[in-house]
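Engineer: Take a look at the letters that make up each chain.
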Amino acid sequence: MRLEYHVSGRDFQAAGGAAAKTKRALRQIGIDAETARRVGIVAYEAEMNIVIHAYRGTVGIDILPERVIIYADDEGPGISDIALAMQVGYSTASEDIREMGFGAGLGLPNMKRYSDELKVTSQVGSGTSIRAVINLPAKEGS
Amino acid sequence: MQLRDVARILEAEVLTGEDKLDLHVEAGCGCDLISDVLAFTKERMLVLTGLVSPQIIRAAEMVDLAAIVFVRGKRPTPDIIDMSRELGLPILCTRYPLYESAGLLYTAGLPGWRHWPRAVGGAQDAP
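So the protein lines, in turn, are chains R and B. Start counting the first sequence at 1; every next residue gets the next number (my numbering). Start counting the second sequence at 143; every next residue gets the next number (my numbering).
In isolation and in its complexed conformation, chain R is listed as follows (with noise of 0.2 Å):
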């Protein structure tokens, strides 16, 4: 099961829609509740970085049978550097951005924090691409 949706840079009014949609979803189809939880919290900083950093892209989530893959891809101004981007702390936001609860230096940190695995890459200029995978938990008897 594939979801899929786009997102606007600078639509906070949107904002947090795709990885709340994603949430509920993953509940409606049985995903345990931390599961659910713990992609909800990706997709939304995933989501959340494009809304800040870049002009659009996409959050897309798919649903395997023992995993859960979130991808986020963006055309934007990109990450010039990465290692840097994953200190907790360290944030390029603006002012108005900070004025609005965001910028703390913690969403790709958050996003590293509750996943299984990490991938981001980007090109400057051009845009970032985040892949993140959950691991479902071993179902009982299996």
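Subject to a maximum C-alpha distance of 25 Å in a straight line, what follows is the list of computed DSS-like cross-link-like pairs (lysine-lysine):
no., chain 1, residue 1, chain 2, residue 2
1, B, Lys184, R, Lys139
2, R, Lys112, B, Lys184
3, R, Lys21, R, Lys119
4, B, Lys216, B, Lys184
These aren't lab readings, by the way, just hints derived from the structure by calculation.
Using the hints provided, position chain B relative to the given structure of chain R.
Structural biologist: Chain B in isolation, oriented as in the chain R frame:
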């Protein structure tokens, strides 16, 4: 601690979730940043915040928070109240500032995230 105790201690107005005052709140956290809510809270926690934004409700939904208390007399806008009501998320308003709100609840026995048995990442994640 029940949500009704939180409302009583903080002399708070209950804006949504009047029917959920029996809800058991396991721990509390004060956050004014969205990512802090996502990083340092767990399900069934109470968040105290001065950040009045629809995004705080979205974050609460992602983490399965028990409830949100807006501090310093801040009042959420009608769209935030509608969103919370739709989600069944209780929101309260108190005139106490963040520090005093947290102190009052902590003194009354509501622990912080350090005491939360499943705090994300453990002590090294302390803000």
